[in-house]
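Participant: Residues per chain, in single letters:
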Amino acid sequence: MVVGGGLLGLEAARALRLLGLSPQVVEIAPRLMPVQVDEGGGALLRRLVESEELAVRCGVSVQEIVEDRGRLLAKLSDGVELDADVVVFSAGIRPADGLARTAGLPVGERGGVLVDDRCRTSDERVWAVGEVAALEGRTYGLVAPGYAMAEVVADRLLGGDARMTPAEIDMSTQLKMLGVDVASFGDAQAVTPGALEVVVNDPVAGTYAKLVVSDDAGTLLGGVLVGDASKYAVLRPLVGAALPADPVAMIAPGGVELGADALPDSAQVCSCNAVTKGAIRAAIADGAHTVPAIKGCTRAGTSCGSCVPMLKNLLVQEGVEVSKALCEHFSQSRAELFEIVAGAGVRTFTELVGRYGRGRGCDICKPAVASILASLGSGHVHDGEQATLQDTNDHFLANLQRNGTYSVVPRIPGGEITPEGLITVGEVARDFGLYTKITGGQRIDMFGARVEQLPAIWRRLVDAGFESGHAYGKALRTVKSCVGTTWCRYGQQDSVGLAIALELRYRGLRAPHKIKSAVSGCARECAEARSKDFGVIATETGWNLYVGGNGGFTPRHAELLASDLDTDTLVRVIDRFLMFYIRTADRLQRTAPWVEAMDGGLDHLRAVIVDDSLGICADLEAAMEAHVAGYADEWRGVLDDPEKLERFVSFVNAPGTPDPTIEFVSERGQPVPVPRSGEPHQPVAIGMPGVRA
Amino acid sequence: MTAEMLEPAVDLQWETVCPLDRLQPERGVAALLPDGVQVAIFRTHDGAVHAVGNVDPFSGAAVLSRGIVGDRAGVPTVASPVYKQVFSLVTGRCLDDADVTIPVFPARVTDGWLQVGLP
Numbered sequence: 001m002v003v004g005g006g007l008l009g010l011e012a013a014r015a016l017r018l019l020g021l022s023p024q025v026v027e028i029a030p031r032l033m034p035v036q037v038d039e040g041g042g043a044l045l046r047r048l049v050e051s052e053e054l055a056v057r058c059g060v061s062v063q064e065i066v067e068d069r070g071r072l073l074a075k076l077s078d079g080v081e082l083d084a085d086v087v088v089f090s091a092g093i094r095p096a097d098g099l100a101r102t103a104g105l106p107v108g109e110r111g112g113v114l115v116d117d118r119c120r121t122s123d124e125r126v127w128a129v130g131e132v133a134a135l136e137g138r139t140y141g142l143v144a145p146g147y148a149m150a151e152v153v154a155d156r157l158l159g160g161d162a163r164m165t166p167a168e169i170d171m172s173t174q175l176k177m178l179g180v181d182v183a184s185f186g187d188a189q190a191v192t193p194g195a196l197e198v199v200v201n202d203p204v205a206g207t208y209a210k211l212v213v214s215d216d217a218g219t220l221l222g223g224v225l226v227g228d229a230s231k232y233a234v235l236r237p238l239v240g241a242a243l244p245a246d247p248v249a250m251i252a253p254g255g256v257e258l259g260a261d262a263l264p265d266s267a268q269v270c271s272c273n274a275v276t277k278g279a280i281r282a283a284i285a286d287g288a289h290t291v292p293a294i295k296g297c298t299r300a301g302t303s304c305g306s307c308v309p310m311l312k313n314l315l316v317q318e319g320v321e322v323s324k325a326l327c328e329h330f331s332q333s334r335a336e337l338f339e340i341v342a343g344a345g346v347r348t349f350t351e352l353v354g355r356y357g358r359g360r361g362c363d364i365c366k367p368a369v370a371s372i373l374a375s376l377g378s379g380h381v382h383d384g385e386q387a388t389l390q391d392t393n394d395h396f397l398a399n400l401q402r403n404g405t406y407s408v409v410p411r412i413p414g415g416e417i418t419p420e421g422l423i424t425v426g427e428v429a430r431d432f433g434l435y436t437k438i439t440g441g442q443r444i445d446m447f448g449a450r451v452e453q454l455p456a457i458w459r460r461l462v463d464a465g466f467e468s469g470h471a472y473g474k475a476l477r478t479v480k481s482c483v484g485t486t487w488c489r490y491g492q493q494d495s496v497g498l499a500i501a502l503e504l505r506y507r508g509l510r511a512p513h514k515i516k517s518a519v520s521g522c523a524r525e526c527a528e529a530r531s532k533d534f535g536v537i538a539t540e541t542g543w544n545l546y547v548g549g550n551g552g553f554t555p556r557h558a559e560l561l562a563s564d565l566d567t568d569t570l571v572r573v574i575d576r577f578l579m580f581y582i583r584t585a586d587r588l589q590r591t592a593p594w595v596e597a598m599d600g601g602l603d604h605l606r607a608v609i610v611d612d613s614l615g616i617c618a619d620l621e622a623a624m625e626a627h628v629a630g631y632a633d634e635w636r637g638v639l640d641d642p643e644k645l646e647r648f649v650s651f652v653n654a655p656g657t658p659d660p661t662i663e664f665v666s667e668r669g670q671p672v673p674v675p676r677s678g679e680p681h682q683p684v685a686i687g688m689p690g691v692r693a
Numbered sequence: 694m695t696a697e698m699l700e701p702a703v704d705l706q707w708e709t710v711c712p713l714d715r716l717q718p719e720r721g722v723a724a725l726l727p728d729g730v731q732v733a734i735f736r737t738h739d740g741a742v743h744a745v746g747n748v749d750p751f752s753g754a755a756v757l758s759r760g761i762v763g764d765r766a767g768v769p770t771v772a773s774p775v776y777k778q779v780f781s782l783v784t785g786r787c788l789d790d791a792d793v794t795i796p797v798f799p800a801r802v803t804d805g806w807l808q809v810g811l812p
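Heads up: the protein sequence lines correspond to chains Z and R, in order. Counted the way the numbering used here counts, the first sequence spans residues 1 to 693. Counted the way the numbering used here counts, the second sequence spans residues 694 to 812.
Simulated from the structure, these hints should not be mistaken for laboratory data. Beta carbons are placed, not taken as given, at the ideal position from N, Cα and C, and that holds for glycine.
Label pairs and their calculated CB-CB ranges:
{"id": "1", "chain 1": "R", "residue 1": "A791", "chain 2": "Z", "residue 2": "A282", "range": "31 to 37 angstroms"}
{"id": "2", "chain 1": "R", "residue 1": "P796", "chain 2": "Z", "residue 2": "E318", "range": "45 to 51 angstroms"}
{"id": "3", "chain 1": "R", "residue 1": "K777", "chain 2": "Z", "residue 2": "Q670", "range": "25 to 31 angstroms"}
Covered by chain R, according to a simulated footprint, are these stretches of chain Z (three or more residues, beta-carbon under 8 angstroms):
{"id": "4", "region": "357-364"}
{"id": "5", "region": "396-409"}
Counterexamples of contact, computed for chain Z against chain R with all Cβ distances above 10 angstroms:
{"id": "6", "residue": "P30"}
{"id": "7", "residue": "V35"}
{"id": "8", "residue": "E52"}
{"id": "9", "residue": "Y147"}
{"id": "10", "residue": "A293"}
{"id": "11", "residue": "G296"}
{"id": "12", "residue": "L422"}
{"id": "13", "residue": "F664"}
If we strip away everything but chain Z, and leave its shape as in the complex, we get:
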């Protein structure tokens, strides 16, 4: 049972529903979200909430909650008794004003430190802002009023004369709950004397929109949107401004489409951080030509994010061309080239650049096209002209190091390896004089191999049953795992088994960037799945799937995409996720920025790959099936083909002679490259500051 049908109560109820519970929402007012939504909007909101499998009881209060045979029994004012295992109270905020009470500062009738219009308490040396401050006796639980109060105080401390009045407080809110869009802004309840209400109510489509306008129908005062809040971003900044069009047309389906040009410079585009359209235009004029750049210098769009589409719109309006050209040879983006290659059946770079580009390509477009061709299943990556497109790593199927040698990483699916496997790796490293190190992806990297050694090294590894680990490719790297139910006392599912199955399914899959994954056998998360592009965490009944995480320069946790999936469904959703990423991401864009840049973000991604809103899931699954069926070990493909082996020589005129510039020294018992000139090679002294020369 959730007591309180406001913004937070509904979000809490939804979260409980996602955990598999069946919550009842009890609201004392006659409708849900009574502060934000009017009666008409409330009726539709109730229907939409109920269609999300949440039970709603409005106009009743909780009289009593008693314990009844180990459960809770709530007695409601209408005589109904509800059984509950969990009761969540979300019935208004109570300011944490204990400090003020102890200090003897006057507090409001319903709590909160009383402040005047300067946000000053009764003691002139004490100020209060945010949810704890009771302005004219009332507290505000939203972020925008808190920021506004902080600005008033800052101004006052600097000797200014800023004031704030409750009438100016921006109470705009948007309910972010999957399946139910609600927004309310300005004078939503039409309390302004003489205010007129314009309503478009479509119970069939499930949308309700109301604009509140001044008595002369010239100024927008506020509004309510239920079912479809997509116009919130453009309508809210217009509050207080002259109406740019007929109000009915502004909210009617098929009516006027309002863009950024409808807003005056004084309109607030970002209400969370009080950033006006004028300020954003000035930032664009000063060179902020991308959404992240605007966020960085104005803070617009950095809190709730609802104004980001408007920021894009403003960039276009200001004439900033956001070039999506891949490089000087292609004016198309990577995603567009993917569609061209897939749709037009182009299978060589020469044909592609001849028909759709110019020149002979470069180190940007060639590997990008090579990756697209590989993702679409075009045989071995060294077949025909494809070989000329590959970056050196993909050309020698190994990772180039700074001294011109390569490192070798055999696949160790899920990090599981037999003693015999370990012995083989150890013997190969010893026999070829390689430096060995354990990687973060639970496998073993062997460094210092010269080009001409690679085939002999791989002959030994392939004969022992190893295959390419694709450490060199923009491809699936590893699926890391903890030991799960196999060994762990706390494991809930077989994480090793799933990790191996996933790694074998997606091995060799080329993508716009590298892809990492992990599977944890319980919520303790020992495999660090949430730092991966896709991470799986076991639950009691199945698997939770997280997407869009990474470590690296900008670490980011993966976010929950779907919960309690059975293994088949999990694999199907990951298939779709990976293929959708491969088709639509930019070059070198990892999944985290890809999800972030997506219009609608994670919710949109979920709609596309879980709910199949674009009707492309069958296509995505078929593409993945084709990849799985077409997989072949790239190193075996090289070893079996004398022509492909020809490239693995140090010198075309002296194939057996090692490159004389490659030299090693010994460090901690292993060979490492000689230090760069200017870096004297010496042991690192620890705790002996006086010893170093």
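Position chain R relative to chain Z; hints supplied.
Facilitator: Structure of chain R alone, referenced to chain Z:
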């Protein structure tokens, strides 16, 4: 720069490196010449052959033969596989850093064999 560089030297010593068909168009090979000089040799899409020094001046590694061949505004180029700086195959100039140049060697095809000229 100097008269010597503008006029081809008369008495170039031509080193025969490999059959031309060992050079896949737009992919390089490395060759070891007398005195340990390493050259990177490329055959571009139009059939022309180019030879430049194999050592990448930014990393010190002898790897330019393993870079991606392409063009910048029509000038044939190779990109270093280490830190990706692009060099003109015609002049040896680094197009990303005007202060850096790699050596350029004359290259020709004689009776189906690739030859590099040394002074």
